[in-house]
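Could you put together the complete structure from these sequences and hints?
Protein chains: 2
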Amino acid sequence: MVASALAIRLKEKGHSVGLLDLDFTSPSSHVILGIEGLYPEEEYGIIPPLAHGLRYMSITYYSQDEPAPLRGADTSNAIIEILAVTLWGNLDYLIVDMPPGIGDATLDMIRLIKRILFLVVSTPSKVAYETVRKQIKLLHELDISTIGVVENMVMKPTTYVSERAGEDNTAYLGAINYDPTLEDALGCVELLKKTEFYGSIVDLTEKVG
Amino acid sequence: MVASALAIRLKEKGHSVGLLDLDFTSPSSHVILGIEGLYPEEEYGIIPPLAHGLRYMSITYYSQDEPAPLRGADTSNAIIEILAVTLWGNLDYLIVDMPPGIGDATLDMIRLIKRILFLVVSTPSKVAYETVRKQIKLLHELDISTIGVVENMVMKPTTYVSERAGEDNTAYLGAINYDPTLEDALGCVELLKKTEFYGSIVDLTEKVG
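In the order they appear, the protein sequences are chains A and B.
Residue 545 in the numbering used here sits at position 160 of the first sequence, with consecutive numbering throughout.
Residue 539 in the numbering used here sits at position 154 of the second sequence, with consecutive numbering throughout.
Do not rely on the hints blindly, as some may be mistaken.
[Stated by the list, open to error] Cut-off 35 Å, straight-line C-alpha distance, at most; resulting in silico cross-link-like pairs (DSBU-like, lysine-lysine):
hint: 1; chain 1: B; residue 1: K499; chain 2: A; residue 2: K578
hint: 2; chain 1: B; residue 1: K511; chain 2: A; residue 2: K396
hint: 3; chain 1: A; residue 1: K541; chain 2: B; residue 2: K519
hint: 4; chain 1: B; residue 1: K499; chain 2: A; residue 2: K396
hint: 5; chain 1: B; residue 1: K519; chain 2: A; residue 2: K499
hint: 6; chain 1: B; residue 1: K578; chain 2: A; residue 2: K519
hint: 7; chain 1: A; residue 1: K519; chain 2: B; residue 2: K522
hint: 8; chain 1: B; residue 1: K396; chain 2: A; residue 2: K519
hint: 9; chain 1: B; residue 1: K511; chain 2: A; residue 2: K579
hint: 10; chain 1: A; residue 1: K519; chain 2: B; residue 2: K579
hint: 11; chain 1: A; residue 1: K578; chain 2: B; residue 2: K519
hint: 12; chain 1: B; residue 1: K396; chain 2: A; residue 2: K396
hint: 13; chain 1: B; residue 1: K541; chain 2: A; residue 2: K519
hint: 14; chain 1: A; residue 1: K541; chain 2: B; residue 2: K578
hint: 15; chain 1: A; residue 1: K541; chain 2: B; residue 2: K499
hint: 16; chain 1: B; residue 1: K398; chain 2: A; residue 2: K522
hint: 17; chain 1: B; residue 1: K499; chain 2: A; residue 2: K519
hint: 18; chain 1: A; residue 1: K398; chain 2: B; residue 2: K578
[As the list claims (entries may be wrong)] A few chain A positions that, by computed beta-carbon distances, are all more than 10 Å from chain B:
hint: 19; residue: G399
hint: 20; residue: I431
hint: 21; residue: I432
hint: 22; residue: Y447
hint: 23; residue: L497
hint: 24; residue: V506
hint: 25; residue: G551
hint: 26; residue: L571
Everything labelled a hint here was simulated from the structure, so no lab data went into it.
All residues carry an ideal CB built from backbone N, CA and C; glycine is no exception.
Here's what the structure looks like:
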């Protein structure tokens with residue numbers, strides 16, 4: 386949700402943006418942005434379709450939204466193929482939606498993309514932050530840049546995540562309130578833009594430049 | 386959360402229960418149940434410690450809660466090792482907490498455990514159910530038994546998930562309301578048992594027998 390809205394916002398601000406959904410666990414940007422009937426074209430490579438002005442690519446194009454139980458090695462091969470053949474054109478930003486936690490996809494992206502920046506998304510729950518913390522530790526150990534942590538789905542303000550982010554030497558980028566209207570905006574970018582959630586994404590992009 | 390509470394409830398009902406946390410994405414049962422300072426013992430195999438009366442094993446014992454970025458093949462090896470060496474004793478139930486979606490861990494468990502039953506947990510969101518649906522489809526295709534779908538973190542009642550479960554020929558086992566008191570119960574089983582969430586798990590175990 387954060388990746389999709391961020392891509393839409395950066396495009397709205399006049400940037401040239403690509404969105405790549407590599408969330409093997411749960412690819413959902415096509416549901417969130419209502420992308421149907423748009424397919425990549427082949428011409429000396431794969432040209433991603435323009436969806437809401439974004440160059441759009443998703444692993445669902447490889448799995449046709451069928452159950453796609455990819456083994457680790459297949460995940461790596463799929464990522465390498467997508468990165469090798471996709472003709473993104475000139476982009477200011479390529480937003481990549483990654484699966485939660487640390488797995489093959491994350492390790493591959495770190496290995497394959499030299500100029501990568503991580504935006505880490507947590508929920509307010511201790512349980513979620515414990516996972517996020519491991520990811521932050523790993524990124525620090527690998528000397529990979531992190532923009533910071535965003536706290537999503539906040540029901541009531543707490544200081545747990547912001548304090549932990551401080552301990553973990555990571556910028557706390559702010560809270561995004563749980564927005565019950567978001568579910569009804571799924572599939573429609575115009576409705577998405579009117580949500581409180583999107584307002585928080587607008588603030589976030591201002592904050593991180 | 387569902388797996389941990391389910392194990393506690395089955396134990397409370399007098400069953401002999403093991404809990405195995407294989408959620409490589411986000412192992413958290415030790416945080417939820419407040420399991421600290423308990424470790425497996427080695428004696429012709431690995432004997433899981435008794436935690437709240439449960440035989441308890443977690444992949445965090447293999448990663449020491451450090452960032453453990455396991456590649457797919459390593460995931461398989463870790464699972465095979467845990468299943469091979471752990472001496473569970475006589476159990477009525479072994480509850481296994483799995484990562485979300487379909488990945489190496491799920492495929493391995495299907496391959497390695499003959500008498501496996503899946504309890505599928507979704508949230509009310511379309512986006513979550515889309516992922517769950519793929520998992521259900523795969524389980525059907527592989528002829529693996531599914532107990533049904535539980536809808537967790539329900540903020541306001543909707544019929545979306547129950548209707549989809551019907552379309553997917555899967556039992557809808559009911560809704561578990563979002564329970565804001567759950568966060569403060571993390572780490573303390575006695576508090577957990579007093580939550581509305583735990584009450585829903587009690588109902589669930591009665592329903593599925």
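So, going through the hints one by one against the coordinates:
1. B/K499 x A/K578: Violated. B/K499 to A/K578 sits at ~48 Å, over the 35 Å cutoff.
2. B/K511 x A/K396: Holds - the C-alpha atoms of A/K396 and B/K511 are around 25 Å apart, at most 35 Å.
3. A/K541 x B/K519: Holds, at about 33 Å.
4. B/K499 x A/K396: violated (50 Å)
5. B/K519 x A/K499: holds (33 Å)
6. B/K578 x A/K519: With Cα atoms ~29 Å apart, B/K578 and A/K519 stay inside 35 Å; holds.
7. A/K519 x B/K522: holds (32 Å)
8. B/K396 x A/K519: holds (31 Å)
9. B/K511 x A/K579: With a Cα-Cα distance of about 19 Å, the restraint between B/K511 and A/K579 holds, given a limit of 35 Å.
10. A/K519 x B/K579: holds (30 Å)
11. A/K578 x B/K519: Holds, because 29 Å separates the two Cα atoms, which is no more than 35 Å.
12. B/K396 x A/K396: The given pair, whose Cα atoms are some 53 Å apart, is violated under the 35 Å limit.
13. B/K541 x A/K519: holds (33 Å)
14. A/K541 x B/K578: At roughly 23 Å apart (the allowed maximum being 35 Å), B/K578 and A/K541 satisfy the hint.
15. A/K541 x B/K499: violated (44 Å)
16. B/K398 x A/K522: At roughly 40 Å apart (the allowed maximum being 35 Å), A/K522 and B/K398 break the hint.
17. B/K499 x A/K519: Distance of about 33 Å is within 35 Å: holds.
18. A/K398 x B/K578: violated (49 Å)
19. G399: Holds, since 28 Å exceeds 10 Å.
20. I431: Its Cβ never comes within 10 Å of chain B, the nearest being 23 Å, so this holds.
21. I432: A/I432 clear of chain B: closest Cβ-Cβ about 26 Å, beyond 10 Å.
22. Y447: holds (14 Å)
23. L497: holds (15 Å)
24. V506: Check passes; 13 Å lies beyond 10 Å.
25. G551: holds (19 Å)
26. L571: Given that some Cβ of chain B is not farther than 10 Å from that of A/L571, nearest at about 5 Å, it is violated.
In terms of the numbered hints stated before, the structure departs from hints 1, 4, 12, 15, 16, 18 and 26, listed from lowest to highest.
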